[in-house]
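Colleague: Starting from the known structure of chain A, arrange chain B on it as the hints suggest.
Line by line, the protein sequences give chains A and B.
All the letters of the first sequence, read from the start, carry residue numbers 49 to 291 under my numbering.
All the letters of the second sequence, read from the start, carry residue numbers 49 to 291 under my numbering.
Derived by calculation from the structure, the hints in this document are not laboratory data.
Heads up, a few of these hints could be off.
One copy or any two copies: either way a pair holds, since identical chains are not told apart in the list.
To be verified - Here are the simulated lysine to aspartate or glutamate pairs, DMTMM-like style, with alpha carbons at most 25 Å apart:
(1) K182 / E135
(2) K256 / D195
(3) K179 / D241
(4) K200 / E95
(5) K179 / E161
2 protein chains.
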Amino acid sequence: MEYYYYPDLSADIIKLTQNEFTHCVKTLHHRIGDKILLTDGKENLAEGEIVSVTKTECLITLLNRKEGKDFRNFSLHIAIAPTKNRERIEWFLEKSIEIGIEKVSFMICEHSERTHLDLDRLNRVAISAIKQSKTTLLPKMEILTFDELMTKYAWIDQQKFIAWCNPDSETSQLTSLLQPQEDVLLLIGPEGDFSSKEIQNAKNQHFKEVLLGNKRLRTETAGLYCCCAVALTNSFTALQAKH
Amino acid sequence: MEYYYYPDLSADIIKLTQNEFTHCVKTLHHRIGDKILLTDGKENLAEGEIVSVTKTECLITLLNRKEGKDFRNFSLHIAIAPTKNRERIEWFLEKSIEIGIEKVSFMICEHSERTHLDLDRLNRVAISAIKQSKTTLLPKMEILTFDELMTKYAWIDQQKFIAWCNPDSETSQLTSLLQPQEDVLLLIGPEGDFSSKEIQNAKNQHFKEVLLGNKRLRTETAGLYCCCAVALTNSFTALQAKH
Numbered sequence: 049m050e051y052y053y054y055p056d057l058s059a060d061i062i063k064l065t066q067n068e069f070t071h072c073v074k075t076l077h078h079r080i081g082d083k084i085l086l087t088d089g090k091e092n093l094a095e096g097e098i099v100s101v102t103k104t105e106c107l108i109t110l111l112n113r114k115e116g117k118d119f120r121n122f123s124l125h126i127a128i129a130p131t132k133n134r135e136r137i138e139w140f141l142e143k144s145i146e147i148g149i150e151k152v153s154f155m156i157c158e159h160s161e162r163t164h165l166d167l168d169r170l171n172r173v174a175i176s177a178i179k180q181s182k183t184t185l186l187p188k189m190e191i192l193t194f195d196e197l198m199t200k201y202a203w204i205d206q207q208k209f210i211a212w213c214n215p216d217s218e219t220s221q222l223t224s225l226l227q228p229q230e231d232v233l234l235l236i237g238p239e240g241d242f243s244s245k246e247i248q249n250a251k252n253q254h255f256k257e258v259l260l261g262n263k264r265l266r267t268e269t270a271g272l273y274c275c276c277a278v279a280l281t282n283s284f285t286a287l288q289a290k291h
Numbered sequence: 049m050e051y052y053y054y055p056d057l058s059a060d061i062i063k064l065t066q067n068e069f070t071h072c073v074k075t076l077h078h079r080i081g082d083k084i085l086l087t088d089g090k091e092n093l094a095e096g097e098i099v100s101v102t103k104t105e106c107l108i109t110l111l112n113r114k115e116g117k118d119f120r121n122f123s124l125h126i127a128i129a130p131t132k133n134r135e136r137i138e139w140f141l142e143k144s145i146e147i148g149i150e151k152v153s154f155m156i157c158e159h160s161e162r163t164h165l166d167l168d169r170l171n172r173v174a175i176s177a178i179k180q181s182k183t184t185l186l187p188k189m190e191i192l193t194f195d196e197l198m199t200k201y202a203w204i205d206q207q208k209f210i211a212w213c214n215p216d217s218e219t220s221q222l223t224s225l226l227q228p229q230e231d232v233l234l235l236i237g238p239e240g241d242f243s244s245k246e247i248q249n250a251k252n253q254h255f256k257e258v259l260l261g262n263k264r265l266r267t268e269t270a271g272l273y274c275c276c277a278v279a280l281t282n283s284f285t286a287l288q289a290k291h
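Just chain A, with the same shape it has in the complex (with noise of 0.2 Å):
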């Protein structure tokens, strides 16, 4: 069964979104009676019916509330600079949401080319990715400055990791680092690459700089093979125990 979004399920009866009445009664005809699917993207989901449809609108009592299974017991918060092609970025907010992740941070940074974003259309996008993926978990994201992003999360206790194109063969894989079950931050530079002031920076922030695999990585590719390490190192731990 298709999942739709609302934000909060705390109510009794809902009245769906423009976009989800869209999605359910024009383009699925459902009618009253229907039972149908929500999440509020906040790992929530509940069961609802229909109980009332009009040409605009269609309202919908929810029944049986139960926590997704998307919880993780970790955090994954990729803080990554949006791509000169605005359709990159917003491929990768939809693959990382398929593959798992808890909050992005869009971060303007010196070499930038890219200042601005539309961070409703980027939520947009992760919506319609929660539902395709049919996970509960919408990402926290926001749109902010490297050195923004410094001052806001620098100071956390976590795992901080800055990836660049690094000359230095000494440098360690991502994968050689990372611990498992801890959350995570990492950062992801822009096409130009971050800055020395920017790299010089997060090392005083005792970000670790990494290596993602052996080949040069494209912004967005960068992002996804960070997701996807995240989400390997904790099966593969998962699976050890198990042994």
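Modeller: Structure of chain B alone, referenced to chain A:
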């Protein structure tokens, strides 16, 4: 230094193809005496020097040849159904090359909504991806039907997996079955999933059913998830061997 593609680096002097000529001379304004790097997409790299430039062509003498660093002692072969949306499968191709893949079969299945693909166009996408990610390995590509694929590859002794939206909770995760340092063939179905006939057929040929994480992934995301799983499984094992 950026990479250029030329299919055969055995000659002493080569003439850049039209695309590469445009990139090298028109876009980057290289002139006589400039040195460039070329790859044949077969894991070879050569340094070349521009010896002649006209309005329409550019001749290069090949100097030092060396092996690229992209050799893996195993081969990842993904057979994936073309997505309805052409951009999504091209996106998969670009990303899988960035992460690492040896062979891609575009597989037409019973439920495939897209049954035609432009292999020349995919080849151009792949070449620009190896140049972008500075890899020397251009994956082998082909288009065939599910049945043709079975006839051609099912008998080969390697790890064989089929990923589909399996309701059976007993099914293992890919990461729990994947053996490092061994060749892999992975089948990924279309939006409409494999038909039960195809799944049975694959199981008869000893393909193991696997889950890719715990979410429902789009076809192209499933493909990339597999590339990352194989790359990371092997890098984890390399690490464990080291310690």
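Colleague: All the hints need checking, so say for each whether the structure fits it.
Modeller: Consistency of the hints with the structure:
no., hint, result
1, K182 / E135, "both (22 Å within a copy, 22 Å between copies)"
2, K256 / D195, "within (17 Å within a copy, 49 Å between copies)"
3, K179 / D241, "between (33 Å within a copy, 18 Å between copies)"
4, K200 / E95, "neither (37 Å within a copy, 47 Å between copies)"
5, K179 / E161, "between (31 Å within a copy, 21 Å between copies)"
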